[in-house]
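Could you slot chain X with the ligands onto chain B? The hints should help.
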Amino acid sequence: MTSLRKFENGVLTIGTFAAAALWIFPLYWAFITSMRSEDRVVSKEAGVLPDEFNPAAYIDILWNTNLVSWYINSIGTAVIITFTVIVSGMMCAYAISQMRFPGRRILYGVVLASFMVPSQALVVTQFILMNDMGLINTWAGIILPQLIVPVVIIVYKQFFDAVPKEMREAVVLDGGGDYTLLFKVYLPLNWGITTALGIITFIMAWNQFLWPFLAVTTEDKMTIPVGITQVNDAFGVFYARLMSVALLGAMPVAIAYLIFQKKVTEAVMISSGVKG
Amino acid sequence: MGITLRNVSKSFGALGVVHDVSLDIPTGDFAVFVGPSGCGKSTLLRMIAGLEETTAGSISIEGRDVTEVEPAKREVAMVFQSYALYPHLTVFENMAFSLRLKKTPKAQVNDMVQEAARILHLEEQLQKRPSELSGGQRQRVAIGRAIVRKPKVFLFDEPLSNLDAELRVQMRLELAKLHREIGATMIYVTHDQVEAMTLADRIFVLKKGVLQQAGKPLDLYDDPHNQFVGGFIGSPAMNFLPGRVVARQGGMIRVALDGLGTELSAKSDASVAEGTAIKIGIRPEHLVPTEGGFEAVVDMAEDLGGVSYLHARLATGKDIVVELRGRRENFDGRKISLSADAGEVLLFAEDGSRLR
Ligand SMILES: Nc1ncnc2c1ncn2[C@@H]1O[C@H](COP(=O)(O)OP(=O)(O)O)[C@@H](O)[C@H]1O
Ligand SMILES: [Mg+2]
Numbered sequence: 001m002t003s004l005r006k007f008e009n010g011v012l013t014i015g016t017f018a019a020a021a022l023w024i025f026p027l028y029w030a031f032i033t034s035m036r037s038e039d040r041v042v043s044k045e046a047g048v049l050p051d052e053f054n055p056a057a058y059i060d061i062l063w064n065t066n067l068v069s070w071y072i073n074s075i076g077t078a079v080i081i082t083f084t085v086i087v088s089g090m091m092c093a094y095a096i097s098q099m100r101f102p103g104r105r106i107l108y109g110v111v112l113a114s115f116m117v118p119s120q121a122l123v124v125t126q127f128i129l130m131n132d133m134g135l136i137n138t139w140a141g142i143i144l145p146q147l148i149v150p151v152v153i154i155v156y157k158q159f160f161d162a163v164p165k166e167m168r169e170a171v172v173l174d175g176g177g178d179y180t181l182l183f184k185v186y187l188p189l190n191w192g193i194t195t196a197l198g199i200i201t202f203i204m205a206w207n208q209f210l211w212p213f214l215a216v217t218t219e220d221k222m223t224i225p226v227g228i229t230q231v232n233d234a235f236g237v238f239y240a241r242l243m244s245v246a247l248l249g250a251m252p253v254a255i256a257y258l259i260f261q262k263k264v265t266e267a268v269m270i271s272s273g274v275k276g
Numbered sequence: 001m002g003i004t005l006r007n008v009s010k011s012f013g014a015l016g017v018v019h020d021v022s023l024d025i026p027t028g029d030f031a032v033f034v035g036p037s038g039c040g041k042s043t044l045l046r047m048i049a050g051l052e053e054t055t056a057g058s059i060s061i062e063g064r065d066v067t068e069v070e071p072a073k074r075e076v077a078m079v080f081q082s083y084a085l086y087p088h089l090t091v092f093e094n095m096a097f098s099l100r101l102k103k104t105p106k107a108q109v110n111d112m113v114q115e116a117a118r119i120l121h122l123e124e125q126l127q128k129r130p131s132e133l134s135g136g137q138r139q140r141v142a143i144g145r146a147i148v149r150k151p152k153v154f155l156f157d158e159p160l161s162n163l164d165a166e167l168r169v170q171m172r173l174e175l176a177k178l179h180r181e182i183g184a185t186m187i188y189v190t191h192d193q194v195e196a197m198t199l200a201d202r203i204f205v206l207k208k209g210v211l212q213q214a215g216k217p218l219d220l221y222d223d224p225h226n227q228f229v230g231g232f233i234g235s236p237a238m239n240f241l242p243g244r245v246v247a248r249q250g251g252m253i254r255v256a257l258d259g260l261g262t263e264l265s266a267k268s269d270a271s272v273a274e275g276t277a278i279k280i281g282i283r284p285e286h287l288v289p290t291e292g293g294f295e296a297v298v299d300m301a302e303d304l305g306g307v308s309y310l311h312a313r314l315a316t317g318k319d320i321v322v323e324l325r326g327r328r329e330n331f332d333g334r335k336i337s338l339s340a341d342a343g344e345v346l347l348f349a350e351d352g353s354r355l356r
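Sequence lines, in order, name chains B and X.
Position one of the first sequence corresponds to residue 1 (UniProt numbering), numbered consecutively onward.
Position one of the second sequence corresponds to residue 1 (UniProt numbering), numbered consecutively onward.
This is chain B alone, in the form it adopts within the complex:
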């Protein structure tokens, strides 16, 4: 029995390692590639092991591209999108979940329906609309079409529905209105899901490619994913430089995730440990 257990554990460990290696390898490969000279990357000697620590690609990227602008554009738009999506989604979900008004069900039906439309299907109409509004090559043009995230409303609604009715009634008797209810009770009770939705929205906005690629044509208004396409322009593909931009572009998201991941776990524990 115990030897079978050990065997099982062994197999599981090996399996996990294999999966982890599969996941980590592209990142590892991107990293060692970015640390090689462009010539070495395409030479036959370039093996699996790191053999060069050459920051030339990074230096070139920092000096010869608009990387700093791309960072600012990415961070700026992603932060604004995240904040707006979370706040408006939360308020909309609160209204649908907690307030009684005619058309509430229909409104929720519309939200659910829009959840089922793939955003790519709207890209052409959005482009024409933004162009007519003169918002091409502006932050507003990048941001506006990305503010519609029905899934945030749907998730928040489920969580707000689950808050006990008596909690709401206690606040009402204490003299609180809807703003008190939302910002002093419903939101703090759901910090966990708020943080999680915030991270997801931020990452989605950060990684967004298709729309910013269409909405921006001048290099200084590009976000990082769009900027990456500018690196290998006229002179063919520069693998080392491409990989270094990709890594630099991914870093802020990875860091943000690592910081907030702990917060998410904490928040989930706080909001779940009190029900009983």
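Below, in silico cross-link-like pairs of lysine-lysine (BS3-like), each with a Cα-Cα straight-line distance of 25 Å or less:
1) B:Lys184 to X:Lys103
2) X:Lys128 to B:Lys262
3) B:Lys184 to B:Lys262
4) B:Lys165 to X:Lys73
5) B:Lys184 to X:Lys150
6) B:Lys184 to B:Lys165
The following label-pair restraints were derived from C-beta to C-beta distances:
7) B:Leu4 to X:Ser131: 32 to 42 Å
8) X:Asp164 to B:Glu8: 40 to 50 Å
9) X:Lys103 to B:Leu210: 47 to 57 Å
Derived by calculation from the structure, the hints in this document are not laboratory data.
Beta carbons are placed, not taken as given, at the ideal position from N, Cα and C, and that holds for glycine.
Just chain X with the ligands now, kept in the frame of chain B:
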């Protein structure tokens, strides 16, 4: 008058839940709404709080008609069965919540919360979160949240039902003390008639949304208006036996008990014709073993020391309970003959109403 209800009714759509309830609760009274689960107690309480709209009738608090007044302006505080504490706030902030909403000055908030914490023995817990408290402490915080508001009326909806038996008895005593200390009008909802009897100045018995009887606990016990109240108040419950009127004279009614071949007398001036089918009600402590009564076989005797409960079966197959005090013999399996004093036998008509 603390609270006055006049012809209050409530329906959820087509479903009538509270029917034409009128009652008065004097200022400072501890009133208890009692009745079986689903009888509309909570709904009635929530209507007084303003959490449910009143379908018909009117509700006044301290002489002010509040039927159309919003909950926060009724000056009532409610303690919920589930406590409904704010889990993300400390005990202090839970109690201070309503004061902060009213923009009460900080020093005053502090004083009021400390005062409530003192009354409820929560001084040590103020910086903890609800999840770090025991059930009894959470209950106290919920009460504290009500106290700091200094409401005209406290409303409690089965506040002790989530506690274990021992704690329930303790909190019951503390609630009684609290009422004496604060002196505010309180309404307490429970399905537990023992809680009702021990806490209430005045009990209101409800059944299917209809007020059955209102009065002091012992008045309800001694003089129930109908069979439901007689059976609901008191534990173990009153015994009911079917019978027929055989004679009526001089304030006495003689009743032949169906299928038992015996007759019992009851003190009553009720004008019932001979031969009318009625029910008699006798409390367990009023059944006494005597020669020449009706016979019963004891199924099981619960001997608790000072008191014994005999669970016995009559010849008709009906189960009854007899309460004996200071008897030491074991009655298990024995045949006993029972009777009751005419003054202790209550008469009820077939429809359950009391015949006095
Ligand atoms: N919001 C509601 N909608 C429909 N029916 C309700 C609602 N609240 C209570 N009821 C019904 O009203 C009746 C009385 O409920 P309640 O007052 O909670 O009873 P109690 O507190 O005496 O157990 C029950 O039959 C219950 O199903
Ligand atoms: Mg109830």
